[in-house]
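Trainee: For reference, the chains in residue letters:
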Amino acid sequence: MRARWNMASSSNSPCAACKFLRRKCQPECVFAPYFPPDQPQKFANVHKVFGASNVTKLLNELHPHQREDAVNSLAFEADMRLRDPVYGCVGLISVLQHQLRQLQMEISCAKSELSKYQNLGITGHGLIAAAANNYNHQQNLGINLIGGGGGVRDHHHHYHHQFFPRDQQQMIRSFDGGNNYDASLLAMNVSANLQLSQFPQPRAAAGDDRRTIDPS
Amino acid sequence: MSHSTRCAACKSLRKRCPEDCVLAPYFPPTDPQRYACVHKIFGASNTTNMLQQLPMHLRAEAADCISFESRSRVEDPVYGSVGIITQLQEQIITAQSELVKTKGEIAFHNAQQQLQQQQMQQLQMIHAIAQEVEDQPLWLSSSQQDPFPNVNQQLLEDYNYSNTFCGFEF
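First to last, the sequence lines map onto chains A and B. Okay, so the first sequence: first residue is 1 according to the working numbering, each after it adds one. Okay, so the second sequence: first residue is 1001 according to the working numbering, each after it adds one.
A couple of the hints might just be wrong.
What the hints assert, rightly or not - Pairs of lysine to aspartate or glutamate residues, derived as DMTMM-like cross-links and limited to a Cα-Cα distance of at most 25 Å, are as follows:
| id | chain 1 | residue 1 | chain 2 | residue 2 |
| --- | --- | --- | --- | --- |
| 1 | B | K1040 | A | E68 |
| 2 | A | K48 | B | D1020 |
| 3 | B | K1101 | A | E113 |
| 4 | B | K1040 | A | D69 |
| 5 | A | K48 | B | E1105 |
| 6 | A | K116 | B | E1098 |
| 7 | A | K57 | B | D1076 |
| 8 | B | K1040 | A | D79 |
| 9 | B | K1040 | A | D84 |
| 10 | B | K1101 | A | D69 |
| 11 | A | K19 | A | D38 |
| 12 | A | K57 | B | E1075 |
| 13 | A | K116 | B | E1105 |
| 14 | A | K57 | B | D1064 |
| 15 | A | K57 | B | D1031 |
| 16 | A | K48 | B | D1064 |
| 17 | A | K48 | B | E1098 |
| 18 | B | K1103 | A | E113 |
| 19 | B | K1103 | A | E106 |
| 20 | A | K48 | B | E1061 |
Because the hints were derived from the structure by calculation, they are not lab data.
If we strip away everything but chain A, and leave its shape as in the complex, we get (with noise of 0.2 Å):
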């Protein structure tokens, strides 16, 4: 909407505002440029909740280009009110609130899953074309497959909480898994029971339950 084409239509009918005050719409009404004929409920629900004086008052603290802006969400907001009486406006924000935290919940769970996988480490290719290449009917070693390379990633600190009031940067830090995984613990729980033939590379870090057996 902009002023000129409601200066040019209040000329010939008035405003939302001015008729359902019953008067004279002005050319220069404070209300003509935001509430046109056509949307009659418009201005009403914003009458009934906020009051046409009080809007005024709003309206002339503003600059012009903010005012259709500032009509806009007084009218979201009076038609929130008069739906919800009690919560309004605020019923919808404690439902987006607890929306975000859901997602924010799950962003957690699922990072914290998906360092597990970043954390194991394991290039399957080169284990796998490793293994096939080196096929011999010599000699059994345990291998042991145990991260390396990439080590422990702490990604906790790799999650921005810039849009969130620090209540809920806590709440989320809570949630956030661990992230300190322990070798020992990672070797333990991957460790092969492979029975694969010799490697002629250096073998990987040791683990803990590397399994050698004697060759001879």
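Following the hints, complete the assembly by docking chain B onto the known chain A.
Mentor: Then chain B, alone, in the frame of chain A:
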């Protein structure tokens, strides 16, 4: 009869605070700012009407919400509470896409892990077969197993003899 101390609303309106003042329970004189915002945005009569229309047990909640909305509007005269709603919606959209992205990464790693396991199993199988072959020599050079129990033994002996004598030729 009136309250011994006027509520914030009646104080602001400079009038006597009656015993049955609708606003008194929710706008104590100890927090004048709370009513000041409500008065500026909604006005005294609108606030009174809004609360009067509600049953008693809901008025406290309603007064708190009205107070919150008016404070939001004073702090942000253009968008008020709607600004908070817009911000929350944007945060939700961002969080949703982050969740989808993270779940996608998990699915990728899951698939990769399954593939690795399959390949490992295949290698194990190959190794096991090879080991079996090593442990159980070919029937041609073994005298202990009879892989062809139904074959005429004489024919078999003749065949073995000829291959042993002549060398293993094909």
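Trainee: Check the hint pairing K48 of chain A with E1105 of chain B against an upper bound of 25 Å on the C-alpha distance.
Mentor: violated, 52 Å
Trainee: Would you check the hint for K116 of chain A and E1105 of chain B, treating anything up to 25 Å between C-alpha atoms as holding?
Mentor: This hinted pair holds, its Cα atoms lying about 12 Å apart.
Trainee: Between K57 of chain A and E1075 of chain B, is the straight-line Cα distance small enough, at 25 Å or below?
Mentor: holds, 15 Å
Trainee: If you draw a straight line from the CA of K57 of chain A to the CA of D1064 of chain B, is it 25 Å or shorter?
Mentor: holds, 24 Å
Trainee: Would the hint linking K48 of chain A and D1064 of chain B be met if the CA-CA limit is 25 Å?
Mentor: holds, 19 Å
Trainee: Do the alpha carbons of K57 of chain A and D1031 of chain B lie within 25 Å of each other, as the hint requires?
Mentor: holds, 24 Å
Trainee: Would the pair K19 of chain A and D38 of chain A pass a check requiring their Cα atoms to be no farther apart than 25 Å?
Mentor: holds, 11 Å
Trainee: Going straight from one Cα to the other, do K1040 of chain B and D69 of chain A come out at no more than 25 Å?
Mentor: Given that 25 Å is the threshold and the Cα spacing comes to 19 Å, the pair holds.
Trainee: Starting from K1103 of chain B, check that the Cα of E113 of chain A is at most 25 Å away, please.
Mentor: holds, 9 Å
Trainee: Please work out if K1101 of chain B and E113 of chain A have their alpha carbons no farther apart than 25 Å.
Mentor: OK: K1101 of chain B and E113 of chain A at ~13 Å, within 25 Å.
Trainee: Does D79 of chain A sit within 25 Å of K1040 of chain B, going by the straight-line distance between their CA atoms?
Mentor: holds, 19 Å
Trainee: Regarding the pair K116 of chain A and E1098 of chain B, is the alpha-carbon distance no greater than 25 Å?
Mentor: holds, 18 Å
Of the numbered hints given earlier, the model fails hints 5, 10 and 17; all others are met.
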